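*Asks:* With the hints as your guide, set chain B onto chain A.
Sequence order for the protein chains is A and B. Mind the numbering: the first sequence is residues 1 to 138 in our numbering, read in order. Mind the numbering: the second sequence is residues 139 to 287 in our numbering, read in order.
Hint data in this document are derived by calculation from the structure and do not stem from the laboratory. Keep in mind that this is a model prediction, so the values were computed, not measured. Each hint should be verified, as a subset may be incorrect.
In silico negatives: residues of chain A with every beta carbon more than 12 Å from chain B [said to hold, decoys possible]:
no. : residue
1   : R68
2   : P77
3   : P93
Taking beta-carbon pairs under 7 Å as the criterion, some of the chain A residues facing chain B (in silico) [claimed, not checked]:
no. : residue
4   : Q22
5   : S29
6   : A32
7   : K34
8   : Y116
9   : R128
Beta carbons: idealized from backbone N, C-alpha and C, even for Gly.
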Amino acid sequence: MSGMFENNLFTLIQKTLDFRTQRQDLLTSNIANKDTPGYKAEDMVFEKSLEKALHAEEPGLLKTTNSRHFDGRNTPPLKLVQAQRIHSASPFPDFDGNTVDLDREMAKMAENQLMYNASIRMLTHQFRMLKTAITEGR
Amino acid sequence: MSFQSSLNVSVSGMTAQRQRVNTISENIANASTTRTPQGGPYRRRIVTLAAVSNDRTFEEELRSQQRSLDTATEVKVVGISQDNRAPILRYEPGHPDANEEGYVAMPNVNIMEEMVSLMEASRSYEANTAAFNATKNMAQSALDLGRNV
Numbered sequence: 001m002s003g004m005f006e007n008n009l010f011t012l013i014q015k016t017l018d019f020r021t022q023r024q025d026l027l028t029s030n031i032a033n034k035d036t037p038g039y040k041a042e043d044m045v046f047e048k049s050l051e052k053a054l055h056a057e058e059p060g061l062l063k064t065t066n067s068r069h070f071d072g073r074n075t076p077p078l079k080l081v082q083a084q085r086i087h088s089a090s091p092f093p094d095f096d097g098n099t100v101d102l103d104r105e106m107a108k109m110a111e112n113q114l115m116y117n118a119s120i121r122m123l124t125h126q127f128r129m130l131k132t133a134i135t136e137g138r
Numbered sequence: 139m140s141f142q143s144s145l146n147v148s149v150s151g152m153t154a155q156r157q158r159v160n161t162i163s164e165n166i167a168n169a170s171t172t173r174t175p176q177g178g179p180y181r182r183r184i185v186t187l188a189a190v191s192n193d194r195t196f197e198e199e200l201r202s203q204q205r206s207l208d209t210a211t212e213v214k215v216v217g218i219s220q221d222n223r224a225p226i227l228r229y230e231p232g233h234p235d236a237n238e239e240g241y242v243a244m245p246n247v248n249i250m251e252e253m254v255s256l257m258e259a260s261r262s263y264e265a266n267t268a269a270f271n272a273t274k275n276m277a278q279s280a281l282d283l284g285r286n287v
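Next comes chain B alone, as it looks inside the complex:
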């Protein structure tokens, strides 16, 4: 079913964007975390997206080979990696995690950067829901075909 593959693609987009929002929230929430189980300050995390052709049944594969068309490309989160930028040093001698010179290693999270990514992710999510609704509308009108003949 071709409509189903369109819907699946939109769902994969929504899942990927939600994962992105989760990671961004994690970064914002930990923007001033100086202690982690691995030691040292929290490190910013980044979601990596990749395009993948969706999983298909044998029949679908055969049909797409016949038509030489492989139209649906889903998106997937292929990994969450750490930002390797150096921690930001802030002068705060009273802090328990300050070094001998009075500097505290703070997470390499830039709130501005995170807010921009957050907005981008939420807009992308909306775009995917719009695409989902458009496809649903098309399927609905096909379903109504011949109802009022």
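Extracted from the complex, chain A is given alone in its bound form:
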């Protein structure tokens, strides 16, 4: 039996929050280093791999008759998903080799912040639903 807090949704939100915190690190670093010569802007992508992992437990392309059979799909389970770090070079780098585009970084940071808060709100909602069940709807 899986625990009350061990379903896919909780793991997904937990992972999302983790990645958003790490991404915030990268974005603040980009902003702090916007005048550092030669600094390369970085970003992080995780949406696709999370989405893939979310469906990892569904049956794959090949039919399996045993849980240890390989079903032709090669996706890590949700708990082990890693984010990918990418260079988010601006199309017009400075003459000193710096690739930070401040407007883009600010926009990304606002997005990251909103999505983080949205995830938190979803988590609160989940808790509220559990509480409704526990108190039998009263």
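*Replies:* Positioned in the frame of chain A, the structure of chain B alone reads:
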């Protein structure tokens, strides 16, 4: 704590930009200083910034090695150097520091250049405060988690 490292990065940015503003103000204030303790006119100063991975505790280091992620990169002022451009010669025969031909060696400070750098530094400072507030907002909402369940 990951939020803390984000906040530290923004603070390092603000410190670096403040240092830049200080140096620029020094350049502007001394734009017509012809005497210095080293002799000769004042020479323009330049701040050099560099990206550094922040200091971490053993635990943080271990964790980042496990995840193979080292996401926070602080910025630091690594040095204040002198601009080696030649002093600007201005014809002013009455000046006490004028040479035999009546030229005074003035500092190699260009006010326009300094004003542009000043604006850039102050905008960068603002960007860092915005980043700081965004991170603080995220931390705050995490803190409020479960309060109104």
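*Asks:* Does each hint fit the structure? Answer for all of them.
*Replies:* Hint check results:
no.	hint	result
1	R68	28 Å, holds
2	P77	17 Å, holds
3	P93	15 Å, holds
4	Q22	5 Å, holds
5	S29	4 Å, holds
6	A32	3 Å, holds
7	K34	6 Å, holds
8	Y116	5 Å, holds
9	R128	5 Å, holds
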